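Visitor: Sequence:
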Amino acid sequence: AAGSPPGRYNAAMSSGPSRSVLRFGGWDGRRRRRDTWTLLAAGWRPVTESGPAPRNHSAMAVDARRDRVVLVGGHDGDTVFGDVWELAERRWVPVLRVRPQRRVDNGH
Numbered sequence: 001a002a003g004s005p006p007g008r009y010n011a012a013m014s015s016g017p018s019r020s021v022l023r024f025g026g027w028d029g030r031r032r033r034r035d036t037w038t039l040l041a042a043g044w045r046p047v048t049e050s051g052p053a054p055r056n057h058s059a060m061a062v063d064a065r066r067d068r069v070v071l072v073g074g075h076d077g078d079t080v081f082g083d084v085w086e087l088a089e090r091r092w093v094p095v096l097r098v099r100p101q102r103r104v105d106n107g108h
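Reminder that position 103 of the sequence shown reads as 103 in the working numbering, one-by-one numbering, no gaps.
These are computed hints drawn from the structure, not numbers from a lab. Since the model is a prediction, treat every value here as computed from it, not as a measurement. Accuracy of the hints is not assured; some may be wrong.
Claimed, not checked - Just the calculated beta-carbon pair ranges, DEER-fashion:
1. ARG30 <-> ALA64: 17 to 23 Å
2. ASP28 <-> VAL98: 33 to 39 Å
3. GLY107 <-> PRO46: 19 to 25 Å
4. GLY82 <-> THR48: 30 to 36 Å
5. GLU89 <-> TRP44: 26 to 32 Å
6. GLU49 <-> THR79: 37 to 43 Å
7. ALA61 <-> ARG102: 23 to 29 Å
8. ARG102 <-> PRO46: 29 to 35 Å
9. MET13 <-> VAL93: 31 to 37 Å
The beta-carbon is built from N, C-alpha and C at its ideal position, and this holds for glycine as well.
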């Protein structure tokens, strides 16, 4: 039977390849995570625990023309990311590496 992904705040979600739904990372109340889950007709299933550094507040969208999911940015509480990743064959692949920047405390 399919499991349920652990609860998260500010995880990135998008439609995915082959009419699935994907969720990456987020804050679990103690730390940022880097796991990826997919929702298919049979329920939620883990995809991978590798790839981008743990983060929340990322943006994720599907590139329907190439049947890929793209993840951009986010932060880990101290560092802001501007990198770009693609999910290909159950594996995150870096597309653009950008040097992370120190997060500015804005009270949020």
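Visitor: Return holds or violated for the Cβ distance of GLU89 and TRP44 against the range 26 to 32 Å.
Guide: The hint (26 to 32 Å, Cβ to Cβ) is violated, given that GLU89 and TRP44 are roughly 19 Å apart.
Visitor: Given a hinted range of 29 to 35 Å, is it respected by the beta-carbon distance of ARG102 and PRO46?
Guide: Given a distance of about 32 Å, which is inside 29 to 35 Å, the answer is holds.
Visitor: That 23 to 29 Å hint for ALA61 and ARG102 (C-beta), does it hold up?
Guide: With Cβ atoms ~27 Å apart, the hint holds.
Visitor: Should the hint that GLY82 and THR48 are 30 to 36 Å apart at their CB atoms be regarded as holding?
Guide: violated, 22 Å
Visitor: Taking the CB of ASP28 and the CB of VAL98, does the distance hold inside 33 to 39 Å?
Guide: Given range 33 to 39 Å: violated, Cβ gap about 26 Å.
Visitor: Can you let me know if the beta-carbon spacing of GLU49 and THR79 is within 37 to 43 Å?
Guide: violated, 20 Å
Visitor: Within 31 to 37 Å or not, the Cβ separation of MET13 and VAL93?
Guide: violated, 19 Å
Visitor: For the range 19 to 25 Å, tell me whether the beta carbons of GLY107 and PRO46 fit it or not.
Guide: violated, 34 Å
Visitor: Does the beta carbon distance between ARG30 and ALA64 stay inside 17 to 23 Å, or does it fall outside?
Guide: violated, 35 Å
When each numbered hint is compared with the structure, violations occur for hints 1, 2, 3, 4, 5, 6 and 9.
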